[in-house]
Amino acid sequence: MAAMNDVDKVEAQQEVDPIVEAYKRDVDVTLIRENLRLTVDQRFQQLMELQRFAEDLRRAGRKAGEK
Amino acid sequence: MTDFRALLQLLIENEVEFIIVGGAAATAHGSARLTLDLDVVYKRSSENITRIVQALKPIKPYLRGAPLGLPFDWSVPTIQKGLNFTLVTTLGALDLLGEIVGGGGYEQMRAETIEVEIAGVKCLCLNLDRLIAVKRAAGRPKDLEVVAELQQIRDETRQ
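If you're matching them up, the sequences are chains R and A in order.
For the first sequence, our numbering begins at 1 and goes up steadily by one.
For the second sequence, our numbering begins at 1 and goes up steadily by one.
It should be emphasised that the hints constitute simulated quantities derived from the structure, not laboratory data.
By construction, the Cβ of each residue, glycine as well, lies at the ideal position given by its N, Cα and C atoms.
Be a bit skeptical, because a hint or two may be false.
Coverage of chain A stretches by chain R, computed from C-beta distances (three or more under 8 Å per stretch; other residues unrestricted) [as the list claims (entries may be wrong)]:
hint, region
1, 1-14
2, 20-33
3, 103-113
4, 139-153
If we strip away everything but chain R, and leave its shape as in the complex, we get (with noise of 0.2 Å):
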């Protein structure tokens, strides 16, 4: 078997950076798998509409707190 090289062993290390696989276990995967299932097309305009979705509810957090 080959021996690693100097950038093999640095990219063998940051696979299994410990704080990334912490961060894994909280994705949500099932979100994932329903992306994957749409075209990027579809990807972006779902995006779109959570950005006018989030602006919805900061213009509404805004209205409730001038109450």
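Since the structure of chain R is already known, use the hints to place chain A on it.
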């Protein structure tokens, strides 16, 4: 709100050479995270810079977060003198990047892209492996969260 589709259409219609990077690239690959701006790495040739200036002029680019009224001249010399520009436009937030950490410039990343179709136009997008490497190189806590999600996407697509 940033109209990602309209911004990309505008750049492609004006034959701007660029690569989608950052959160928008993550979206293209299937990320469920909300991103608010379009990040692109642009080719630093004089011709391309001229095309960028022409393409964006109608959407009134201005430095994001800067006080209104600064004498910001949207022109070829301005782009040539600078490198990375975080802009606000009438179509939303656009980051024009000459280089990014962990990726370099357009020429260095060109071979590590995939072609994606958005709003009927074909654009170059950083491939998943290079996007993960770039996010790792950025190294901010929020980037590591993105790396975790992108690795899950890679795992899912390899199954």
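Do the hints match the structure? See the list:
no.: 1; hint: 1-14; result: holds (count 5)
no.: 2; hint: 20-33; result: holds (count 6)
no.: 3; hint: 103-113; result: violated (count 0)
no.: 4; hint: 139-153; result: holds (count 8)
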